[in-house]
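**Q** What follows is each chain in one-letter form.
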Amino acid sequence: MREPTPEQIRDEQIYRSLGLTDSEYALVVEKLGRHPNYVEAGIFGVLWSEHCSYKSSKAHLRRFPTNGRQVLQGPGENAGVVDIGDGMAVAFKMESHNHPSAVEPYQGAATGVGGILRDIFTMGARPVAFLDSLRFGPLDDVRTRYLFEQVVAGIGGYGNCVGIPTVGGEVQFSPTYRGNPLVNAMCVGILPADGMMRGTATGVGNPVFVVGARTGRDGIHGATFASAEDPEEKERSAVQVGDPFLGKLLMEACLELIASGAVVGIQDMGAAGLTSSSAEMASRAGGGIEMVLDHVPVREDGMTPYEMMLSESQERMLVVLERGREDIAFEIFRRYGLEVADVGRVTDDGRLRLCWHGEVVADIPVTALVDEAPVYERPIAPWAGPQLEDIPTTLSIRDAWLQLLAHPSVADKRWVYRQYDTMVRAATVEGPGADAALVKVPGLDKAIAMATDGNSRYVALNPKRGGQIAVAEAVRNLATVGAKPLAITNCLNFGNPEKPDVMRQLSDAIDGMAEACLALDTPVVSGNVSLYNESRGVDIQPTPVVGAIGVLEGIQRRIPSTPPKALIEEHWSDWALWILGREDDCLDGTLYGELAVGRPVGDAPYVNLAEERRVHDLLQTLSAKSMVVAAHDVSEGGLAVTVAEMLMGVDAGGEIECADGFNLHGWLFSEAQGRVVVVVDRARAEALGAIAEAAGVPARPLGSLAEHKQIVVKLAGQSVMTLGIAELRQAYEEAIPAAMAAHIQGVAEAGD
Amino acid sequence: MKWAVVVFPGSNCDHDAAQAVRDVTGDMVDLVWHDVTDLAAYDAIILPGGFSYGDYLRSGAIARFSPAVDAVAKEAAAGKLVLGICNGFQVLTESHLLPGALLRNDHLQFRCETVELIVENHTSPFTCAYRPGERIRIPIAHGEGRYYADETLRQRLAADGRIAFRYADNPNGSVDAIAGVLNDRGNVLGLMPHPERAVAAWMTSQDGRLLFESMHRFVEEGSYARANA
Amino acid sequence: MKTYDVEVRVWLKPSVFDPQGHAVEQALHTLGFEGTSEVRVGKYMHLSIGAADESAARKAVEEMCERVLSNPVMETYAYELKETVR
Amino acid sequence: MKTYDVEVRVWLKPSVFDPQGHAVEQALHTLGFEGTSEVRVGKYMHLSIGAADESAARKAVEEMCERVLSNPVMETYAYELKETVR
Ligand SMILES: Nc1ncnc2c1ncn2[C@@H]1O[C@H](COP(=O)(O)OP(=O)(O)O)[C@@H](O)[C@H]1O
Ligand SMILES: [Mg+2]
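Protein chains in written order, with the working numbering: chain H, 1 to 752; chain W, 753 to 981; chain V, 982 to 1067; chain S, 1068 to 1153.
Don't read these hints as lab results, they were simulated from the structure.
None of the values given here were measured: they were computed from a predicted structure.
Be a bit skeptical, because a hint or two may be false.
[Unchecked claim] Keeping only pairs whose Cα atoms sit at most 30 angstroms apart, straight-line, the calculated DSS-like set for lysine-lysine is:
1. S:K1149 / V:K1063
2. V:K994 / S:K1069
3. V:K983 / S:K1069
4. S:K1149 / S:K1069
[To be verified] Covered, in the sense of this in silico footprint (three residues per stretch, anywhere, with C-beta under 8 angstroms from a C-beta of chain W), are these stretches of chain S:
5. 1114-1128
6. 1134-1141
Heads up, the beta-carbon is just placed ideally off N, CA and C, and yes, glycines get one too.
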């Protein structure tokens, strides 16, 4: 196939198929001062895509707070880095792989994990944990079950093989994701606070290397199409296969190379492979890069410069080394059996220049590609405010309690995470199942705490408040295990930004998140935006997902989410349940409301950031003083679910008493934020009350633990209902396995 | 005593195993690359968990051709202790240092959780610190851990006391719920569970400590009999 | 009603990278089988199918291959079919 | 020196339970392919090998199959070999 000429690209508007609009093409011509050839047009197409350029979201992302004493590296590099004390730092980032996963769920999820892994070790950090945040349609659908099964297998397939534990995450199920599942993967790494690497191509004359796997024809146009509608059609030819074995070798080789001190800059090849890595590295240095494409190791004969530049073959990195120290790279990569090729030089002329067969095949100013990429202030629809409506309490408490626990979004996720190696590296202090995961820092008595959260129902009902809650909830999960929250990363999964309603959701959610980040002192240090999440023209509910990081000083200070059974069993009557935070009985935005009415109803739940902050601070005090033996925050499903989870965990019963003046339905199922249930020794309960009061946090005895296996609910001193733990447990533990038992592995469609 | 942990391309529990040995026994541990040809300097050799060569083709199938595995065979023949954990167990069966084979789990999924094991043989160099029939909790993490042995082999293993551990609740369809087997001489053990993940108070269990302690005592006290005294 | 023996082979499309094949090829080289190249690893399936005649059997097998046995997004397949001899 | 195209099939011995084959069979039944039975899933490998003549090629392939490509403890193999036509 002959490549089209610059004239054909213009006259036949071929640039459109490369992802450029008419006006963007005109801008390219203006910046180049001539008509781009096919390679150049392709390069502009991918770099100016939504996926790479953030053109619809950039203007809004600037509103995130990104600074703080703890921040060593904010957004702009491959990952954010925060200081965790004692000379150590943590690098972390979250990334979406929604569209590829919708087409080929196993490989889509696996390559998502591989991609975020490279972002972390690129920073010079040793990856120590993965988290995954997933969204699917309801499990009554064969295709959804197939996607769920394969995505989980793909995440495990990559993570287990590279030997990094998957320690947490979330899965939610809602009809809004039926045609467009979300797969967000987060990776966390540890590095010396002064040992950070950057993706910068500095030092004129320094050699540029392509290392790792060979470049093949896979995934060409992945980045362009990730931003287009209907992934099913577009991605068919663009499936990339991950090779976790190679990924593991590449990680070890790169960490060894970085440790040698010979690396000037290093960058992984993610979307738009060689194109984005080279342009971004040059852009960060304010310089240029010249590459001879004949030297790129390829997998297939006859690859054109266009194909090489746009290939998304996995497990590759671009590395700039100090001149004269090339041998180090050759020695290390050969030992690991990996490709390493000297493909070019760092220049100071500010241009990305590509040569092939002795000719210049592309010559573009780097600033035009990266810094001057178009930024759109897309129209934003006004918002009328939340829909206020009465939420009928038609579902009985008993039915609701059981239905909530059996709702796959709330139900036990063991079916998912027992497919993940959660303990490899032998540093997992708290794996999946707790409010936040804890991974020990080698050689120190401290652990990194991490959690992901994001509830699209809240954001759909009230984008700004929903944004606040996404951050508050993730950060609260850290505080609940006793950790000090430090910073967040995020994935903004939204619909079509060309629709003013979607832009309003995006803009408001960002405002809400930014406010929460400021209030909770957890700046945004990295993140990712995924737009055009829609199917058949219907956008998904806006889904910002937050990944939060904190540090726990002293492993023995961790607060588990259920009390240690051995301790409780000795003297059941010694232990009391308390509730911290402002109590509430409003059903706005609850899963109860959605079950009762069949759609999200009302406003988003109550949240108050100042109150939230006080609760988090209080939890750290309680951890430092070892005041409580368990803590579990109130989230989806409300207090009813929180208490049930805590009691099921220790296989005990208990009594809880509704606060005066509250409606019982609302009190049990409200999803108001900023509440935590704790288990405290009765002898220390008074002290707990005093500490809470001093911290400005409402605190009240909620009830007690009991040896009998029932939950008794009391109202004004009278017991009004009793539920057996066994029955609750069955609803909670069997929901997902039962739904998946109907599924036959690998089957993507319904029978006749 | 001195331990070696062999590192294959794709091993990922190598550091965990070395750390566990150091923490439990205080002994010296070297990580050795798979191209090593001589392991005579070591009293005990661990083939760690992971995905050697990606576990492509069959788990352990490619690693077994490493020079290190020849060296391991030589030391095993000389009576040294060889412990294969998870992928290491797979390498040992593929290289016929242990009988049988490890197949894809019967439910076809990867499975990671802390499970209960029954100590079937408490007199081996690897298990002498456990009580007979003791129930211990050790994590598993594998997709291909279904132990397979034909009828003749099953009977022989049982008769010769070569089943070191059984699962209390078979998680993968292994024949006779076998979790770990010994060679006929008793100085090579392969097991799917990960004792190195059960050695500290903050882990899900500490029951793996006695396995490393058994090996340490066996070597330090110089004889199998004295370890059991 | 007749019975047919069917053998199906499924492998990754040529444009899709095959990590397994790649690893096996490298292993073969280190083991001294230097002359080997282009190693691809796929799936092999054997099954029995009852059908009125060969063309009905073929039709069923093709449908199976497309819907279940292979993933058309990244794989191709081929099959052989012959009547079972007892 | 000639080049040969080799196709190797490896599958579990009949006495060994094949959970994948079982799952595929179930899948086929739910999708309405009731007439299928005895589904077994194995591996299919393709490779090119250079050798002086066919018997040398066969010898090399057999050695590969026995030592690397299959594990005789639980698997059986078969292969076909033909000279590559250009
Ligand atoms: N996809 C997943 N991967 C790993 N762990 C998960 C996943 N989904 C849920 N979990 C774990 O299950 C537990 C419950 O999740 P969730 O209900 O979302 O917690 P919370 O309400 O505290 O945010 C958490 O410990 C979480 O890490
Ligand atoms: Mg929580």
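**Q** Now tell me, hint by hint, if it's right for this structure.
**A** Results for each hint:
With a C-alpha separation of about 22 angstroms, the suggested pairing of K1149 of chain S with K1063 of chain V holds against the 30 angstroms cut-off. A distance of roughly 26 angstroms separates the Cα atoms of K994 of chain V and K1069 of chain S; the hinted pair therefore holds under the 30 angstroms criterion. Of the supplied pair hints, the one linking K983 of chain V and K1069 of chain S is violated, its CA atoms being roughly 42 angstroms apart against a limit of 30 angstroms. For the proposed pair K1149 of chain S and K1069 of chain S, the alpha carbon gap of about 10 angstroms is at most 30 angstroms, so the pair holds.
Chain W is given as covering the stretch 1114-1128 of chain S, and this is violated because 0 residues of the stretch bring a CB closer than 8 angstroms to a CB of that chain, at least three being needed. Restraint check on the stretch 1134-1141 of chain S versus chain W: 5 residues with Cβ-Cβ distances below 8 angstroms, three needed, restraint holds.
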